[in-house]
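2 protein chains.
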Amino acid sequence: MGFRTAIMGATGAVGQELLRLLDERNFPLDSLTLLASKRSAGKKIIFKGEELTVQELTHDSFKDIDLVLSSAGGSISAEFAPSAVKAGAVVVDNTSHYRMDPEVPLVVPEINADEIKNHKGIIANPNCTTILMLLALAPLHKKWKAKRVVCSTYQAASGAGAIAMQELADETRALLDNKDYQRSVIPHQYAFNVFAHNSPMTENGYCEEEMKMVNETVKIMNDKNLKVTATCVRVPILRAHSEALNIEFEDEFDIQEAYELLRNAEGVEVLENRAENRWPMPIDATGTDPVYVGRLRRDLTQPKTLELWLVGDQILKGAALNAVQIAEKL
Amino acid sequence: MGFRTAIMGATGAVGQELLRLLDERNFPLDSLTLLASKRSAGKKIIFKGEELTVQELTHDSFKDIDLVLSSAGGSISAEFAPSAVKAGAVVVDNTSHYRMDPEVPLVVPEINADEIKNHKGIIANPNCTTILMLLALAPLHKKWKAKRVVCSTYQAASGAGAIAMQELADETRALLDNKDYQRSVIPHQYAFNVFAHNSPMTENGYCEEEMKMVNETVKIMNDKNLKVTATCVRVPILRAHSEALNIEFEDEFDIQEAYELLRNAEGVEVLENRAENRWPMPIDATGTDPVYVGRLRRDLTQPKTLELWLVGDQILKGAALNAVQIAEKL
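If you're matching them up, the sequences are chains A and B in order.
Going by the working numbering, 254 is the number at position 254 of the first sequence; the sequence numbering is gapless.
Going by the working numbering, 195 is the number at position 195 of the second sequence; the sequence numbering is gapless.
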């Protein structure tokens, strides 16, 4: 009574975590098919003690498949998701391609699981920075109506894939050893450096990553009056994103109540020790499910405004975990 | 016709840059005395081809000294600056100790050099993040009157001194080699990690570093209506700080004019290539004098609000260079 499941992009950073989560969470599988590009086809992957062979993704890959978890990049989803739907599968798409399509639900299960039932074959998994931000924002928004968020991100290499994580480690070692290093995916020196998010620029001066936060927030929260402005930045971290949020509410809020709301929110953990000046850090979040929040404090420059800090694993809640949670709700 | 000059904290990260700058800028020196803690006394330092011996700092160190450049920590300045003033010297103090003292000018020469003449023996050098932010903010504020700034920082190890820089490098290497590492100055894992600024917490939930930005801005800009809220964060970078600013003005602004104002501002350089998605990075600023700005874009969430990104060398314009510039104005 399970799903005949396929993973598109099975050999990537998110694909690897999808496999681990399907195992760990005992996801009801009737079969598991691993799909990837021609380059990765033939690779062997052990799943629950069984050796699976990665198959080349083609338009005919979806026969007898109920569920496709796709994280092979936007252009791959654009090309192959319709074939999967045509073959009768439901696609949970981890890329940006279908997110703003009005026919496609964009889902963070803790926030808008109800949208899942409206799908027409494809359900989109939001952008990682958006998911992490909204897990912390949603319970506060519900209570006091957030109207404007200024967000600065501190994003890890993992958002650019497994190769970027390896590049960061390799380049750092080369730099410490005073050796040259030839990058292949990251456009700038990443070791001991910080750079504006390398997604394409849009006309208005924001990069696509920033505009995803702006637009996906409105769609997921179903609130046109919830405005986000973002500065997305890559920092030399392997796989957890951090975000500084400045949130202006319609209504007056209370800090202690905000802590309570976050403590009780699904998928969120308050992590701090004020006396010891200890707040959420990427190494706390790496490899774990929750979004960790802390440093709630009143903005002294204007009323009804809250500052907070959050950290979450980019590959897990930011991608693979959210996708599996969507599939579990199906 | 020069200054008989002493450097307090000559062996630290800022002290080393002070020496380099005095040489490079041909600062008018009649003599140069290097002062440091007992531990560093006896150390030899070459300056302009001459070997100088570091002397132990005592209350009697300031006989025949006209100028003291102090960067040995707040408690050292608190203890020894009065002795220097009593002996007839002017102290340019690089620590936080005297910054908010109403008797002490707090100076960024490009912004409020006029304040220098009001000194009573001590002139304070502002906090590094404040200096960098204000160099970019001042020309825009002058034109359109900034009223609220939301700032998120990406701060380097150098702000915690030369030992912290070495720790970051050593810990990173140990982590890449899967070896244990014993930290001595940084409170958290710093390699491939990010943490809230480790300055002491204040009652209101902001750390001291954040409150410095709030309070020093008002004093330097001499404007009680210029409000700053900050989130200060350490990222694993060696010596240049980055900052994301969201600036709300009283008056309507123009992006192209903002670029022009910044291009013409002393100490500021616009560095960007929009077509190539290339913006200021810490590795651009390391070892250089200017504050680099870029990514000017209109905040889409409210009117009269500008987003920008800046990077500056924490040890140079953030500390040693600003101090030497103050001394040059004397």
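Hints are not guaranteed to be accurate.
Given that identical chains are not distinguished, each listed pair holds provided it fits within a single copy or across any two copies.
Taking lysine-lysine and the BS3-like style, the derived pairs with C-alpha atoms no more than 25 angstroms apart in a straight line are [claimed, not checked]: (1) Lys227 / Lys179; (2) Lys86 / Lys48; (3) Lys86 / Lys224; (4) Lys179 / Lys145; (5) Lys63 / Lys224; (6) Lys142 / Lys43; (7) Lys147 / Lys304; (8) Lys48 / Lys179; (9) Lys117 / Lys38; (10) Lys63 / Lys44.
By construction, these hints were calculated from the structure, which means they are not laboratory data.
Now for the hints, and whether the structure bears them out:
{"no.": "1", "hint": "Lys227 / Lys179", "in the structure": "neither (45 angstroms within a copy, 45 angstroms between copies)"}
{"no.": "2", "hint": "Lys86 / Lys48", "in the structure": "neither (30 angstroms within a copy, 77 angstroms between copies)"}
{"no.": "3", "hint": "Lys86 / Lys224", "in the structure": "neither (33 angstroms within a copy, 64 angstroms between copies)"}
{"no.": "4", "hint": "Lys179 / Lys145", "in the structure": "neither (52 angstroms within a copy, 48 angstroms between copies)"}
{"no.": "5", "hint": "Lys63 / Lys224", "in the structure": "neither (40 angstroms within a copy, 69 angstroms between copies)"}
{"no.": "6", "hint": "Lys142 / Lys43", "in the structure": "neither (47 angstroms within a copy, 62 angstroms between copies)"}
{"no.": "7", "hint": "Lys147 / Lys304", "in the structure": "both (10 angstroms within a copy, 17 angstroms between copies)"}
{"no.": "8", "hint": "Lys48 / Lys179", "in the structure": "neither (41 angstroms within a copy, 31 angstroms between copies)"}
{"no.": "9", "hint": "Lys117 / Lys38", "in the structure": "neither (34 angstroms within a copy, 72 angstroms between copies)"}
{"no.": "10", "hint": "Lys63 / Lys44", "in the structure": "within (21 angstroms within a copy, 77 angstroms between copies)"}
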